[in-house]
Amino acid sequence: MAVNQATPIWLHDLQHGRRKAKERAFEAFLDAWHARLYSYIRRMMGNHEDAADVTQETLIQIYRSAERFEGRSAFSTWAFSIASRKALDALEKRNRQRTLDFDEAYPLAHAALAADVLFTGDEIERRLHAAVIALPPRQRQVFTLRYFENLPFAAIAELTNLTEGSLKASYHHAVKKITQHVTVPA
Amino acid sequence: MKHVPFHPPEGFYARQRAEVLASVRSPRRAWLAVAASVVALVAAGIWWGQETPCATYACLLESTPVEELPVDWALDELSDEDLWFDLASEIPHEL
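From first to last, the protein sequence lines stand for chains R and F. The first sequence begins at 20 in the working numbering and counts up by one. The second sequence begins at 155 in the working numbering and counts up by one.
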């Protein structure tokens, strides 16, 4: 694996360390990534309970498959790809019965956030997050990775197996829908 | 990463961290448990192999859990006399 400035120092032990060294490296990984992955997954899932379950599965998966990370992409791209897959799988299971369209989903998401004691944002942030939750899962993934996590389109293309062109189109649609709700009174 | 307008319940990260660490360590414990079971089975096999084989049904009754009694073997291998003698000796005084 090529070591560059973006390579975290614990990554080598997480991949190739013996048991104790790997566990110590995993703890360092948790220090750096636990809250970040939870936040991403929380935005994807829309509530704490589901986000907690998916985060746990993601962290365990990262530990178990660390050896398979080949370093061709940034570690962040790889970690987000695992989190995304887990979140999308969970969303698919949750939405199996019926998927709401954006205009149906937005007021429900807004009401849920208004009642969520763990949400501490103001009204604008509530509208923003309700609109994000109301997006279709794939569009939500693209928007969240680009807007909140600042991942470049190239990295998102790598982890979603989509072209940059289609990602930009998807992001543009998402921004358009979200802007309507953030700027107009609810 | 942009501002996060939500937070998990207090103590969430510490609890989940402990659960995740326990989970990634547990396969090792599971392997240790399997290894311990194998060692116990081998030891039991060695011990069992050193036992003098039972020649009577009473001996088998004494040394074998009820559900593992080799009833067919006993019927084939032991004479009627051995069987009835030993079985009778198990229930002599209640008749």
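For the record, the hints were derived by calculation from the structure and aren't laboratory data. Just so we're clear, the structure is a prediction, and the values are computed from it rather than from any experiment. The C-beta atom is built at its ideal place from N, Cα and C for all residues, glycine as well. Hints should not be assumed to be uniformly reliable.
[Unchecked claim] The list that follows gives simulated cross-link-like pairs (lysine to aspartate or glutamate, DMTMM-like), each with its CA atoms no further than 20 angstroms apart:
| no. | chain 1 | residue 1 | chain 2 | residue 2 |
| --- | --- | --- | --- | --- |
| 1 | R | Lys41 | R | Glu86 |
| 2 | F | Lys156 | R | Asp122 |
| 3 | R | Lys187 | R | Glu177 |
| 4 | R | Lys112 | R | Asp69 |
| 5 | R | Lys195 | R | Glu86 |
| 6 | F | Lys156 | R | Asp141 |
| 7 | R | Lys41 | R | Asp72 |
| 8 | R | Lys196 | R | Asp108 |
| 9 | F | Lys156 | R | Asp50 |
| 10 | R | Lys112 | R | Glu76 |
| 11 | R | Lys112 | R | Glu144 |
| 12 | F | Lys156 | R | Glu142 |
| 13 | R | Lys195 | R | Glu76 |
| 14 | R | Lys41 | F | Glu173 |
| 15 | R | Lys112 | R | Glu68 |
| 16 | R | Lys39 | R | Glu86 |
| 17 | F | Lys156 | R | Glu86 |
| 18 | R | Lys39 | F | Glu173 |
| 19 | R | Lys196 | R | Glu76 |
| 20 | R | Lys187 | R | Glu168 |
| 21 | R | Lys196 | R | Glu86 |
[To be verified] One-sided excerpt, in silico: chain F residues whose CB lies under 7 angstroms from chain R:
| no. | residue |
| --- | --- |
| 22 | Lys156 |
| 23 | Pro159 |
| 24 | Pro162 |
| 25 | Gln170 |
| 26 | Arg171 |
| 27 | Val174 |
| 28 | Cys213 |
| 29 | Ser217 |
Checked against the structure, which of the hints given earlier come out wrong? When the structure is compared with the hints, numbers 2, 5, 7, 8, 11, 13, 17, 19, 21, 28, 29 turn out to be violated.
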